[in-house]
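Mapping to my numbering: the sequence shown position 202 is 202, numbers consecutive.
Just so you know, these hints were derived from the structure itself, not from any lab. Note that this is a predicted model, so its numbers are computed, not measured. Heads up, a few of these hints could be off.
[As the list claims (entries may be wrong)] Straight-line C-alpha distance at most 30 angstroms; calculated BS3-like pairs for lysine-lysine:
1. K169 x K184
2. K167 x K226
3. K211 x K226
4. K184 x K167
[As the list claims (entries may be wrong)] Between beta-carbon pairs, the in silico distance windows are:
5. G32 x S191: 30 to 40 angstroms
6. G95 x V122: 52 to 62 angstroms
7. D222 x I195: 29 to 39 angstroms
8. D222 x G133: 34 to 44 angstroms
9. L200 x S81: 28 to 38 angstroms
10. E188 x H231: 30 to 40 angstroms
11. N120 x V154: 16 to 26 angstroms
We treat Cβ as the ideally placed atom computed from N, Cα and C, and that holds for glycine.
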Amino acid sequence: MAFAENPLSTALVGEPPTITLTSNIETISPDGSATLSWTTGATSPDTVVSVSIDNGVGEVASTSSNPESIASGSIEVANISATTTYILTATTDQGVSATTTATVTVVPYDYTTDNHNIQNAVGIGTSVIPASGHANAPTMLAVNGTIVAKRVKVTMNGWADYVFDDKYKLKPLQDVATYIDQNKHLPEMPSAQQIKEQGLSVNEMFTLQMKKIEELTLYLIDLEKKNQALHQRIDGLEGEK
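Could you put the whole structure together from the sequences, leaning on the hints where they help?
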């Protein structure tokens, strides 16, 4: 993969050096590695005396420790966690510099359909580690059998108490009834076919169930208010007799 040269020079005397910087791979997965290669040259009688590569945070390569790699060289950059632009700077003996760049793009994993052979994933009773069905969460444990435990703790980043917020719009029961009549399951809840094909996410189901319980509580509170108002009206009519 070749990158266009983008020389930015600060001319003192002489000509800026000619330089190239390339990466052997354009896109990688998180924490992957790439090999950066460079070439340099200068117009005679000038010579290139130093080369350095910077990733915007700090220097990743320099010819000060390896003078033989001034004209050309390569370096492997490992554990690249985010898209990074590497900057090559070459300087001549006349103090004239030029820079060029190469960008390595990191593409995050999507674990929805592919588990990407995650390291340290464990299979018990199986050698197959299936996809998790979630874009940012790989399967780390697969068990072909029954799990028996005295206690299971599930951590989550949210809960359904927003249902009790004054701004929450509760669906009219008639709309819920229409949805159930058409789809044969509650709104937002997975269908029997979806559960059969995709399985059940415990934390998501707990949250959905709590949401439905809280919505049901609001419906009951509203019904109780209407019943009280109706009883008051009846008591008022009986008192007029």
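Quickly compare the C-alpha distance for K184 and K167 to 30 angstroms and report which way the hint goes. The hint holds at about 28 angstroms.
State, for the Cβ atoms of G32 and S191, whether the hinted interval 30 to 40 angstroms holds or is violated. 39 angstroms Cβ-Cβ, so the 30 to 40 angstroms window holds.
Between the alpha carbons of K169 and K184, is the straight-line distance 30 angstroms or under? Given pair K169, K184 holds - Cα atoms ~22 angstroms apart, limit 30 angstroms.
Between L200 and S81, does the C-beta distance stay in 28 to 38 angstroms? Holds, since L200 and S81 (Cβ atoms, about 32 angstroms apart) stay within the stated range.
Starting from the range 52 to 62 angstroms, see whether the pair G95 and V122 falls in it by beta-carbon distance. With Cβ atoms ~58 angstroms apart, the hint holds.
For the pair we were handed, K167 and K226, check the Cα-Cα distance against 30 angstroms. With a Cα-Cα distance of about 21 angstroms, the restraint between K167 and K226 holds, given a limit of 30 angstroms.
Is the distance from the Cβ of D222 to the Cβ of I195 consistent with 29 to 39 angstroms? Given range 29 to 39 angstroms: holds, Cβ gap about 31 angstroms.
Holds or violated: 30 to 40 angstroms for the Cβ distance of E188 and H231? 34 angstroms, holds
That 34 to 44 angstroms hint for D222 and G133 (C-beta), does it hold up? 36 angstroms, holds
Between N120 and V154, is the Cβ distance one that fits in 16 to 26 angstroms? Given about 21 angstroms between the Cβ atoms, the range holds.
Given the hint that K211 pairs with K226, does the C-alpha gap stay at or below 30 angstroms? Roughly 23 angstroms separates the two Cα atoms, so the pair holds.
When the structure is compared with the earlier hints, no violation turns up for any of them.
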